[in-house]
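Letter by letter, the chains look like this.
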Amino acid sequence: MSEMPEAIIAQEFNSLPNQGDPQVYHSFQLYVKELCRIADFFRIIEKNIRLCITRHETPPSDGTVLMIVLNLQRVWKYTLELKANTECTLFQTLDLHPAGTAEILRSIMMPLSKTFEVKLHHISPASFKTLGVGQWLDDEIINYFVEKWCSKSQSTLGFNTWFMEMLCARVKIQNGVLTLEDSKTVQRWCYSAEKSQGLVKWDCVFIPINEFNTHWYLALINFVTKRIEIYDSLAVVYFANRRRPVESRKNTNLMLVLMWLSEVLGRIRGEEVQLMNDFATEWQCDPHVEVPFQPNCFDCGVHVLWHLQHVLQFGTVQNDCVSPRWKFSSDMIGKRLRLAQEILDDCSL
Amino acid sequence: MSEEEQQIPPEDANAPINVKVVSATGDEVFFKIKRSTKLSKLQGAYANKVGKDVNSIRFLYDGARISDTDTPASLDMEDNDTIDVMVEQVGGCVPCSS
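Heads up: the sequence lines are chains R and C, in that order. Heads up: the first sequence is residues 1 to 349, going by UniProt numbering. Heads up: the second sequence is residues 1 to 98, going by UniProt numbering.
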């Protein structure tokens, strides 16, 4: 027991080969799940021992119990570290071997019918398949992750993909005017999102946007940094926009809707946000933040979800992030596999 | 007070309410539906009426997705409430010409 407890764990888990191969992938998956299980196990033992100590009037004085608790803590931390490192190795491998990763993705998507007997929210096999190689993501997939991830965030509220569509449709029908009635609608949608995500307070609002049923991008309103930003993974749009005069830029009208929305959401938060008619406002709007661009014509939905990952992790998109867990890759196939795996894991619960 | 409150539900429980289904383009379709009827029935009827596959459209009440087992009663809907209907969305990129 006096030898390094980490060594015992390390002995049991030798490192796995780096290849994009379904067999190796499944070994990795099992390995990570086993590490999770072991980590939980250590945590429970440690908690139980602590509980026992508090119930004993005179704990043993030779320090054995204390040493056991400390060792358990060490092993627990080490197991988590090992799990994180293993995941990073896996994620890096997936990004390095896109062809192998595509094969794995195809293989995990094959035996679908059984898994989806239990319907996960509204994700049907057809929706799930939009995570497949080269496919366009659908609304159900985006909404599933937005709701799930924001629920865990404590501070970021995620609207669904229909929110902006509804609002922009109103703008169009009403000839560019948004009314008090519309702000009441926003309020109701906002409460629904708060309820489904279990959020009482939020500082940031994530809004996925669908354009002409062909493209995904997003807007982010941050009430702490007082910024409204639009992230679009299409390089063409970004560069073309920068060259144009403000009034003919792609997102100018959208930004006006977002400014109105920020005022409405500000009132819901109980603070006065004045943007529209206040030239001295502290708020800043960036209609085309520079983000990693998609080099293809199918990954924008995955980019939108990855932007959300960054927002939740770092508060903003980090273009130069190097951690294999978060970094953008030129081909997002590894991310598609991770998203598909996350849904499959959620299904089996 | 409490006696009065208790008397209302039995009468109200199955009284039909009017529900307006509104598409993103502003088209409205009206339905009369019992408070205990599953909204999946209304969804099917609407899809039929507009000639769309029910799996390609999404029904929302106050922005929250309506699930197959929901009823007007379970969602606390009132007479003349609105259900938004949205069409399935996909995206990958926009044509380079724009």
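Hints should not be assumed to be uniformly reliable.
Claimed, not checked - Listed next, the stretches of chain C that the computed footprint assigns to chain R, with coverage defined by at least 3 CB atoms under 8 angstroms from CB atoms of chain R:
#1 32-46
#2 50-57
#3 63-71
#4 80-90
Just so you know, these hints were derived from the structure itself, not from any lab. Backbone N, C-alpha and C define an ideal beta-carbon position, used for all residues, glycine too.
Now the hints, each set against the structure:
Chain R is given as covering the region 32-46 of chain C, and this is violated because 0 residues of the stretch bring a CB closer than 8 angstroms to a CB of that chain, at least three being needed. Against chain R, the region 50-57 of chain C contributes 1 residues with a C-beta closer than 8 angstroms to a partner C-beta. That does not satisfy the three-residue criterion, and the hint is violated. By the rule of at least three residues with a Cβ nearer than 8 angstroms to a Cβ of chain R, the coverage given for the region 63-71 of chain C holds, with 4 such residues. Requiring three or more residues with a Cβ within less than 8 angstroms of a Cβ of chain R, the coverage given for the region 80-90 of chain C holds, as 6 such residues are present.
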